[in-house]
Amino acid sequence: MKKWFDKESLKQISLYEKGVSHMKTSTVGSLQKLGKERLKDLLYQMILIRNFEEAVEKQFMQGKIHGTMHLCIGQEPTAVGACAVLTNEDKITSTHRGHGHCIAKGSEVKYMMAELLGKETGYCKGKGGSMHIADLEIGNIGANGIVAGGLPLGCGAALTSKKKDLGFVVVCFFGDGATNEGAFHESVNIASAWKLPVIFFCENNQYGMSSSIKEMTNIENLADRASSYGIPGVTIDGTDVIAVMEETQKALDRAKNGEGPTLIEAKTYRWRGHSKSDARKYRTRDEEHDWMTNRDGIKLFKERLLNEGIITSEEIVEVEEKVKKVLDEAIEFAENSPEPSLSSLEEDVFA
Amino acid sequence: MKKWFDKESLKQISLYEKGVSHMKTSTVGSLQKLGKERLKDLLYQMILIRNFEEAVEKQFMQGKIHGTMHLCIGQEPTAVGACAVLTNEDKITSTHRGHGHCIAKGSEVKYMMAELLGKETGYCKGKGGSMHIADLEIGNIGANGIVAGGLPLGCGAALTSKKKDLGFVVVCFFGDGATNEGAFHESVNIASAWKLPVIFFCENNQYGMSSSIKEMTNIENLADRASSYGIPGVTIDGTDVIAVMEETQKALDRAKNGEGPTLIEAKTYRWRGHSKSDARKYRTRDEEHDWMTNRDGIKLFKERLLNEGIITSEEIVEVEEKVKKVLDEAIEFAENSPEPSLSSLEEDVFA
Amino acid sequence: MREITYAEAINEVMCQEIEANEDVFILGEDIGIYGGAFGLTRGMIEKLGPEKVLNTPISEQAITGVAIGAALMGMRPILELQFSDFVTVAMDQIVNQAAKIRYMYGGKGKVPIVIRTPGGSGAGFAAQHSQSLEAWMAHIPGLKVVQPSTAYDAKGLFRAALEDDNPVIFYEHKLLYGMKDDVPEESYVIPLGKADIKREGKDVTVVATSIMVHRALQAAEELEKEGISVEVIDPRTLVPLDIETIVESVKKTGRAVVVYEAVQRGGYGAEIASVINEGEAFDYLDAPVVRLGGKAVPIPYNPTLEKKAVPQVEDIINAIKSTVVTYA
Amino acid sequence: MREITYAEAINEVMCQEIEANEDVFILGEDIGIYGGAFGLTRGMIEKLGPEKVLNTPISEQAITGVAIGAALMGMRPILELQFSDFVTVAMDQIVNQAAKIRYMYGGKGKVPIVIRTPGGSGAGFAAQHSQSLEAWMAHIPGLKVVQPSTAYDAKGLFRAALEDDNPVIFYEHKLLYGMKDDVPEESYVIPLGKADIKREGKDVTVVATSIMVHRALQAAEELEKEGISVEVIDPRTLVPLDIETIVESVKKTGRAVVVYEAVQRGGYGAEIASVINEGEAFDYLDAPVVRLGGKAVPIPYNPTLEKKAVPQVEDIINAIKSTVVTYA
Ligand SMILES: Cc1ncc(C[n+]2csc(CCOP(=O)(O)OP(=O)(O)O)c2C)c(N)n1
Ligand SMILES: Cc1ncc(C[n+]2csc(CCOP(=O)(O)OP(=O)(O)O)c2C)c(N)n1
Ligand SMILES: [Mg+2]
Ligand SMILES: [Mg+2]
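Residue numbers (this note's numbering), protein chains in the order written: chain U, 1 to 351; chain D, 1 to 351; chain C, 1 to 328; chain X, 1 to 328.
In isolation and in its complexed conformation, chain U is listed as follows:
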């Protein structure tokens, strides 16, 4: 028998390999088709997410946020690209790292910030916090503190759509680490067997907390797991918001046609640590630097918009100013909001 643990698990290994050959990027000329307003909106949303997360980080540092938070800085194009093709009727299920999904699905940052500050005006009246933000009215079935916990729920929502011919599709977001949970397997299988209108959207940011997915599983592309369920799987460049839109659109069409689920894997990167305190010893500063400088989805999108002459630098500044204004208002709103009443403690346990 060969020796145990041949990997040098202790060494900090850079796991980012440039250019996964068959990773899908956006098609040429795709920008024009979308139209300027839509493109500007994508940019706005991505910047809003990033700046929101930065504001959250700041609030946390100032001790105003209790508990923990999981920031999605670096992953803006996946949330925005996927949600961009959905209507208000379509649903999403989200994760512990869910702020971006919420914003992209259409939630208002002021109620989100209020929730993070534990205020009565927050999406969950201050009772849920970062890991449980839900906004059923715009189709956000909820963040989830349990890794892969949202996938079964998403299948149930999709079953309802199918049974009642409601026409909506459910996008379940989850991380690379979540694909090793039993709940992932059971959910994708049942969705496939029942041809449910679901899109399983894996944000492969390379790590589950500290564990490189390459050490936790023995395949290169998680989308290949689709073949276990007889459904299509596609690996895309998660820093390319247009590629994300395009592939999500295809999966959406498939789902709406009654052809069942699709597994999308978007390669991306979280720029920050896993949560509040993370020395990030499991990866190198070089690897981080490379992603942050060469694969920043927002920067790349701005450059592309400018290069293709769709938008001017002035307009980008305008977008950024709008974001700033919205966020300033959100923070003010959240800070000035009241604490939940003590009597609310025992409310809402039962409907």
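Simulated from the structure, these hints should not be mistaken for lab results. Every residue, glycine too, gets a C-beta built ideally from N, C-alpha and C. Careful: at least some of the hints might be erroneous.
[To be verified] From the structure, some residues in chain D lie toward chain U, with a derived Cβ separation under 7 Å: (1) G182; (2) H185; (3) E186; (4) N189; (5) A193; (6) S212; (7) M216; (8) T217; (9) I219; (10) N221; (11) R225; (12) S227; (13) S228; (14) P232.
[Claimed, not checked] Just a few of them, taken from the derived set where beta-carbon distance is under 10 Å, the chain X residues facing chain D: (15) L54; (16) A99; (17) R102; (18) D165.
Position chains D, C and X with the ligands against the provided structure of chain U, taking the given hints into account.
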């Protein structure tokens, strides 16, 4: 959107398709290599299993067996073929349908029968019954009443082998239905990531209780799930005991070489109902008849042995008589064994 | 009135409710043409069709989540878990999702699901198929827990459970499935949170659940011959618990015995005993409250041992006598 | 003596035991270079190497089963479950496998594993990361349950747990991790099943677990000023439970308050209260045993509400006063 439930779920559909093209059968000339004694032993074991199960059924009908039982008649070649390549040091984990595995791994039918009758002399002192027979000394880590419950345990045993360089391999048996459990997914993944010496052996008898695997999952061959974990998967004819041996041997070599797990799917059929009371409405009598007459692994093996001139009809009769004798003795032993003492009720909760 | 079994009563009310409300459907393993592991859904798929009776893969996490997700979208699913021991593979969805969603979301959304599942020993299924784990569920805020002991109660409580806007765990008992009772054909509701006095008495109050109700009634009959008058109360629902009826009874009798099949240590009987001890009844107690639950062992296979592992009529008689006689 | 934190004490004893016994190793999520979600395994992989410190995929069923299977083959694994709420995805392996294997197999095989996992609220992690579910485990025959309240106890109890030949669930508490205590460097054993009297007193016995021990001690100090003498008992292990020490104390004081963080309804405090009520102590009781547990709500996020959901020092003071003053 297309209409929901296009399958005619109520109709009794025959799901057995003749000739899955790439299903592995035994190689030509393989019999000679094994030698007569070994071949006779394979036959003996298969007949012993079948007759044991028939005896159990009879005892059950006579009200001597309490609870339930899951018979493996029809599936003898998988248990016998897989265990035939193992040594006493190698381990197996089994299922609710585990009598065949026990016998093939080397357990004595008299202690098994005693256990089924709830006697003190049984493998579990009468406390476990059919679904919990274990025989650690000869490497049977145990039957399991929880579908897919044995796979994680098998991985733990395999980890021990690897960590301590003990050289043994673990064969985890499970059914087609079990491949839709989360525990299956998590176990195969971890075994692959850690290159554990495990063989995942799926006895695809077409149904999980009443549910055809073809309706419960969207792929033709369950062995294809191997690709989700970056390991080899192979589909074999589970009625061909020699094919089972050959493929298990390959997987065993791989495991012993430190190359990690293999997923084997053996297509087979359970002749009886799922458990004690099953009207088998979910399948046709035609389908059953076809398997029982055309794909009886014991009959096929006998014919082959005779055709190739390895064994005579007289010798087959001898084998059958030996089985009969052993079983008669086993039943007598079991029936004459004492009940467990009342004081044993509270023993063995803790070590 | 018509006599039907506990299993038939549940089958009947499920059919009635599915026919009456288009949001109601049932899902579970082998509930289609097989009719469920214990025959509870027999005939349903033929009558109601496969859109209302969903046969599922063996994937308890997924199917539990499917029920919850559908409920969040306005459906009212019934989930059959084949054996209550299998909650162990669905606990995250039940406890971390179903029970908490509404609260975590600040009062948004609701999860009206009924999880039907058989508990209990006595059928020879051994350690992994015979547990009584209702105490786990009753400990979790956000879940309601029902444990009917008769066909009549099962039918009425089931409808109440289904009409409730919250997740309800509905514990059936394998040995009760075949037990017959007078059951009206038309649908009716027995509200959650109302105990039932199954027998009136004045010397001692026995609070018993599920199959133990019947054993307690038998014990009461025996003891009547000896001049001991036993009141038998069936809480019927553990959450909400009808504390008032129990306390009133104990105030009258001055003695209480709590009988349950689950392992005594840490079982819900400890909660019931505590509630009796804590409330107004304390001052009326002439003797300590007695608990009689299962032994602290996994359920063994051998039928004699299996019986010895949980309270039988004789054990209940002895427990009652110990409090009535010792503290006479 | 040297002061170290509760987290450091556990880290130290793990290192000592892994170094002392080649069958001992630890597995869990992010326990490698990350050092565990709460830093408990910090430095271990560097010191002991990746064969002794196995970083696992996020697959709780598999990793729990791996620990059990390895134990059956003679290893003595330590499993870290990142939050005790995640037992919900590992319950089958813990309850249907680890707890029952030896019994089901008629006394063959043993499963010496220690599952270390943090419970409790107060750190702002909200409903799915703040539960106290030890009552579930204590209800299951075949499992032992430990809940240390100090660094000193944690170190000694951990070694006893590891030396035990059975599955032990070792509940840590997030808010205790940083708490310092005098802890000897050399390894020592505190046997399972021995309660500790953390403070002697004569008017009332408080039985408190985990973080509640500290709150009870603070309450005792406050009440001393008012002339009420409080004895504080920490059972330290729920299974086995040191009934004798508790009963002896109640016989002396005549009053008992049981304080625990878990939801009061159906929590293990009900078991402890029942045991007090049932035994010899009953005749010595001057007042009903009082239970003080968590409210029947999921743990909310907002810090003020979060505190209100579980007993605080003031609540304990009030509970003690209610029994001492009302029944003076
Ligand atoms: C069932 C469960 N196990 C473990 C955790 C702890 N945990 C929270 S997030 C996380 C990593 C998840 O990784 P991934 O799915 O890749 O998502 P990412 O954080 O990278 O977005 C872990 C282990 C959890 N919340 N739930
Ligand atoms: C977790 C769990 N779910 C459901 C069951 C009930 N059950 C026992 S056997 C069985 C069917 C298993 O099918 P398969 O894995 O194909 O094995 P087979 O019976 O065909 O050998 C089911 C659903 C169980 N024992 N455990
Ligand atoms: Mg990740
Ligand atoms: Mg099968």
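Each hint tested on the structure:
| no. | hint | result |
| --- | --- | --- |
| 1 | G182 | holds (2 Å) |
| 2 | H185 | holds (3 Å) |
| 3 | E186 | holds (5 Å) |
| 4 | N189 | holds (5 Å) |
| 5 | A193 | holds (6 Å) |
| 6 | S212 | violated (11 Å) |
| 7 | M216 | holds (6 Å) |
| 8 | T217 | holds (6 Å) |
| 9 | I219 | holds (4 Å) |
| 10 | N221 | violated (11 Å) |
| 11 | R225 | holds (4 Å) |
| 12 | S227 | holds (5 Å) |
| 13 | S228 | holds (4 Å) |
| 14 | P232 | violated (12 Å) |
| 15 | L54 | holds (8 Å) |
| 16 | A99 | holds (9 Å) |
| 17 | R102 | holds (6 Å) |
| 18 | D165 | holds (4 Å) |
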